[in-house]
Amino acid sequence: MSSTIINEVRRGFYLDSVALMRFSRAIASLDGIEEAALMMASPSNRQIMADAGLLDATSDGAEGGDLIIGIRAVNAEAAETARAEANLLLDTPTGAQGEGQSWRPKSLRAAVKARPDANLALISVAGDFAAAEARKALRRGLHVMMFSDNVSIADELALKREAQSLGLLVMGPDCGTAIINGTPLAFANKVTDGDIGVIGASGTGTQEITCLISQGGGGISHAIGVGGRDLKDEIGGITTLMALDALDADPKTRHIVLISKPPAAAVAARVVERIAASQKTFTVCFIGAESWQLPDNASLALSLKAAAEQALGGRALFADFQAGALAQPAPAAKVRGLFSGGTLCAEVQTLFKAAGEQVMSNAAIPGVLDLAAPADAHKIIDLGSDEYTQGRPHPMIDPSVRDQALQDAIKDKSVGVILLDVVIGYGAHNDPAGHLVDSLGTALAGDTLIIASVTGTDADPQNRRGQITKLQAAGILVAPCNADATVLALACIRLNR
Amino acid sequence: MPELTRYMEPTMENNKVTNLLTDPLDVINIGLEGFATELKQQGVAVTHVDWSPPAAGDPKIADLLSKLGT
Amino acid sequence: MQLIENANQEAVTRMLSADPVLIDVIPASEAIPALKDHMILHAGPPVAWADMCGPMQGAIAGIAVFEGWASDLEDAAAKAATGAFDFHPNHHFDAVGPMTGMTTLSQPLMVVENRTYKNRAYCALNEGLGKVMRFGGNDASVLARLAWLRDSFGPAVGRALRSGDGIPLKHLIARGLTMGDEMHQRNVACSGLLLRELAPALARTADDNDELAKALAFIGGNDQFFLNVAMAMGKSIMDPVRNIHGSSIVTAMCRNGTDFGIRVSGTGDTWFTAPVEMPEGLYFPGFTEADANPDMGDSTIVETIGLGGFAMGASPAVAGFVGAGAASEAGNFTRTMSEIAAGENPEWTIPAMDYLGVPTGIDIRLVLETGLAPTINTGIAHREPGVGQVGAGVVRAPMKCFEGALIALAESVGVK
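Residue numbers (my numbering), protein chains in the order written: chain A, 1 to 497; chain B, 1 to 70; chain C, 1 to 416.
Simulated from the structure, these hints should not be mistaken for laboratory data. Just so we're clear, the structure is a prediction, and the values are computed from it rather than from any experiment. Take the hints with a grain of salt, since some may be wrong.
[Claimed, not checked] Cross-link-like lysine-lysine pairs, in silico, BS3-like; alpha carbons within 30 angstroms at most:
no., chain 1, residue 1, chain 2, residue 2
1, B, K16, A, K252
2, C, K400, B, K67
3, B, K67, A, K113
4, B, K67, C, K416
Build the full structure now, drawing on both the sequences and the hints.
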């Protein structure tokens with residue numbers, strides 16, 4: 001079968017050779033086209049086209065300023081189609097070819113160069129690399145929020161010392177939550193702006209407190225995360241003390257809430273000393289600690305809810321919530337807590353302990369049994385701890401981490417109540433309540449009670465009210481906060497006895 | 001035990017933290033892109049770094065890079 | 001490491017303070033006294049005859065015939081195989097050459113003097129488009145053109161240049177960047193600017209109007225004429241940057257069609273090589289990737305000084321060569337390359353990028369840290385000798401070169 005060659009000459013039609021090469025490729029790739037080229041008719045180009053078997057007599061008279069369309073096709077029809085297409089390409093102004101792909105820096109160095117006014121690096125790369133990136137950020141004058149975990153304590157100390165000498169703040173590592181001037185960073189909620197500052201060693205604790213304050217009519221000036229180890233001896237509270245300085249000096253902040261696990265004694269002493277030196281008032285929640293020596297301008301809160309209430313000036317939250325009225329008799333005596341938020345898990349343990357219940361946990365607070373203990377106790381599980389998240393996303397991002405544990409708890413005849421948290425806000429799964437309901441499936445038909453609370457606000461992307469409605473529609477008992485959910489769970493198992 | 005941080009009156013240096021609380025946030029995001037997307041949606045200035053591990057994860061080269069510094 | 005920062009600062013200072021001037025065209029035998037009979041300088045790092053790609057062997061056969069060292073191409077190839085010729089990289093003799101980069105005794109070389117550092121660098125004259133020796137072309141027409149360059153054109157341009165103070169290149173490049181050249185795949189503006197500078201002196205020193213007209217037409221008809229000038233200029237700028245203890249700045253990048261090689265200031269004259277990659281780009285009609293030769297040439301010296309792929313933002317038309325990139329994205333290449341550069345050139349700026357200076361001084365540490373290999377704009381040769389150019393595109397420097405260099409640099413500063 002012989003090929004069809006057609007040529008067309010466009011007199012005095014100039015296009016850059018690069019543009020023509022791109023057109024040539026487009027035409028050559030059409031169906032039925034063996035070879036095609038659009039070229040200016042210079043002698044060297046004509047030679048190339050001749051060598052490629054693309055020229056016929058039509059183009060004999062073409063000169064340097066003319067454009068030759070040369071097409072070799074399997075048949076005349078394909079050739080004509082290609083000729084039409086070539087002319088269309090030539091006559092269509094290219095203009096902007098859609099959204100140009102915008103440049104993205106590959107390195108912190110380049111990003112800072114492009115944004116000389118940048119003031120905060122939010123770092124969430126794998127732990128092995130996080131310290132190096134944080135160091136680069138500090139040396140370029142940026143404050144740092146390290147979401148990354150698995151950073152060595154030696155690196156943490158070195159970074160925080162360097163930051164301190166530079167007057168810069170290192171929030172983290174393993175800092176999940178911060179709100180700076182109304183902006184939620186990483187895992188945080190859209191809360192009301194206000195005059196209460198929060199310093200949190202715990203991400204979900206900070207989320208719960210800021211949301212409760214917001215729901216209670218108060219507002220947040222800033223929430224500064226310090227990382228889970230800042231108040232340990234090894235770090236000495238470097239970030240906490242710097243945050244205290246900053247919030248103390250901040251005219252927008254009237255009252256300061258400090259939330260952490262009980263700190264090392266020597267570190268606590270410095271923190272307390274710093275609090276005593278302030279003119280402002282403080283609420284301190286060392287979750288798990290029942291008493292602490294504090295100066296006159298500070299009060300201790302036993303739970304996250306109590307901390308929010310104290311920060312609100314003693315205003316009771318959710319006074320119309322009656323656990324007794326909502327409670328149903330639990331079909332069995334034990335509570336299984338399945339938490340995505342570590343501090344929410346700790347708050348439950350605190351409240352169970354205070355109620356005289358025996359509790360065990362994989363993230364036990366002081367006075368609570370380890371999960372391995374040979375005891376018949378309520379099991380309150382932190383699903384965000386390492387044994388569940390190794391190589392998997394955190395349950396706040398991927399709630400399916402909880403699915404299997406939930407099914408196991410439903411099948412466990414000793415479990416009468418399953419107690420859950422649903423944490424929403426920026427960073428979190430886009431519909432954790434929906435996922436929870438879906439994963440329960442028909443299991444809800446069983447008589448195990450499921451009690452939950454939603455940490456978040458109605459301004460969050462997931463909308464707290466909508467999440468609550470989904471849970472309630474599925475028969476889940478929803479309390480207004482984690483502490484109230486705990487009280488409700490306790491009421492349900494007491495009805496069982 | 002490492003030396004503990006002593007409480008100091010806020011100095012000029014320390015005021016940088018105060019600036020963080022008062023100046024408009026301008027974030028460089030390194031890691032999870034979702035964080036940058038959410039900040040952008042809120043109208044916060046954010047630059048996402050298209051990060052990859054140094055030396056494409058080669059530990060020997062990465063170690064030398066950290067020592068030779070950039 | 002402070003030692004490295006200081007050394008790199010010095011390297012960038014030397015690059016930016018260079019004052020390259022095109023001063024002459026003289027036979028290679030005069031320019032490079034160490035160049036002897038039967039010696040053939042080629043592009044890229046050292047390579048043995050047996051390891052050379054088709055176009056390189058083709059060019060060597062052609063140049064051997066041209067120099068009268070062989071009776072014909074077959075004879076030349078046979079002699080080459082039995083060690084009749086000494087092969088050396090251009091870079092070892094203050095020279096550079098595009099693609100195959102043939103440099104032998106009788107060829108006319110352009111001389112660029114870096115007046116700040118008093119060093120000179122050399123590059124052969126650009127042969128034009130079509131079938132040419134730099135792409136491995138070696139037939140009678142190729143050799144005839146080389147003879148004309150040797151006997152007529154080269155001496156004429158040399159006379160013209162010697163009649164004045166030479167042509168300063170720094171400002172010419174600055175203007176070319178504002179006119180859409182990146183000095184590797186696009187040299188239209190600079191070739192024109194050079195012709196404008198050169199024409200009066202050529203006319204003044206000409207003894208034959210026909211030859212003058214031929215010379216003017218040759219430059220005017222070759223959009224890439226300036227490439228070889230830019231290369232000699234690049235070499236003259238980078239040579240004084242060699243051997244700064246601790247510096248992680250790349251002083252040369254080149255390829256011989258088999259290997260890609262780099263040199264780094266702090267590690268002196270050592271080549272760090274890796275197999276060269278295939279360019280990605282657009283092909284002339286009738287040719288495809290299957291016809292392409294792996295990347296070749298010393299022309300990557302222009303990227304080393306911040307032009308070519310590094311100055312893509314100045315040359316949106318060339319961005320089309322990438323195959324995927326829209327012209328509006330040309331600036332992204334330059335921005336990306338500034339991530340691996342120690343500094344910017346305040347005199348060589350890109351208007352469309354708010355006068356961003358071209359990225360200057362490739363830092364091997366930044367290359368490895370970001371994983372961003374230098375982007376090089378290149379011509380694509382046919383894999384068979386004698387066919388010529390079949391396309392143009394982009395190629396990336398292999399990471400392995402930079403890894404080897406980093407290990408050696410660490411050793412040189414006592415870091416393990």
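Hints versus structure:
| no. | hint | verdict |
| --- | --- | --- |
| 1 | B:K16 - A:K252 | holds (16 angstroms) |
| 2 | C:K400 - B:K67 | holds (19 angstroms) |
| 3 | B:K67 - A:K113 | holds (23 angstroms) |
| 4 | B:K67 - C:K416 | holds (9 angstroms) |
The structure agrees with every numbered hint stated previously.
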